[in-house]
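Asker: Sequences and hints are given; from them, build the entire structure.
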Amino acid sequence: MTVFFSKKCEYALQAILLMAASEHESVFPDEEISKKLNIPKEFISKFLQSLTESGLIESKKGKSGGFRLAKHPSKIKLINIVEAIDGLDSFNTCVLGFPKCSAENPCPLHDKWGELRIKAYEMLSEKNLEHFKEITVQKINSI
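Going by numbering that gives the first Met the number 0, the residue at position 100 of the sequence shown is 99; the numbering climbs one at a time, nothing skipped.
The hints are simulated quantities; they were obtained by calculation from the structure and are not laboratory data. Small disclaimer: the values here were computed from a predicted structure and weren't measured. Misleading hints may appear alongside valid ones.
Stated by the list, open to error - Below, in silico cross-link-like pairs of lysine-lysine (DSSO-like), each with a Cα-Cα straight-line distance of 27 Å or less:
(1) K132 <-> K74
(2) K35 <-> K76
(3) K74 <-> K111
(4) K70 <-> K99
(5) K138 <-> K6
(6) K60 <-> K34
(7) K74 <-> K6
Answerer: Shown next, in the form of structure tokens:
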């Protein structure tokens, strides 16, 4: 379990990475995503709907329907997925939840958390999904 992302966001990141690591325009039924990533079926529709609404994936209806990336993997970064599912509040708010936490009125963790959230944001923003293709395939094959 991570501290930074919701479970819904973790699953969405995994699903998008799966789609990005596959042949361009591949369509994935929700059952296949569930099976390949060992994600409980009850979570699938929750994050796929959010990803579709954000424009990161699109749904294809019909017998050979499912979900696919709406953009080329080189046009999507991990931060786009986090923003679509959890939003970016965790990069702008106090880690302890204190209102009006700022450099002038810091909480006990303000400085350290500020460093971590900047690094986390940069890490999620610097590379596109194309960069993660090989390691994603290795990880999925090990599940």
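Asker: Determine for every hint whether it applies to the structure shown.
Answerer: Verification of the hints:
This hinted pair checks out: K132 and K74 have alpha carbons roughly 13 Å apart, not beyond 27 Å. Proposed proximity of K35 and K76 is supported: the alpha carbons are some 22 Å apart, at most 27 Å. In summary, the hint linking K74 to K111 is not supported, as the alpha carbons are separated by about 31 Å, beyond the 27 Å threshold. With a C-alpha separation of about 38 Å, the suggested pair K70 and K99 falls outside the 27 Å cut-off, and the hint is violated.
Taken as a hint, the K138 and K6 pair is honoured in the structure, with Cα atoms around 18 Å apart against an allowance of 27 Å. Between K60 and K34, the direct Cα distance comes to roughly 20 Å. Compliance with the 27 Å bound is thereby established for this hinted pair. For the suggested pair K74 and K6, the alpha carbons sit about 24 Å apart, so the restraint of at most 27 Å is met.
The earlier numbered hints that this structure contradicts are 3, 4.
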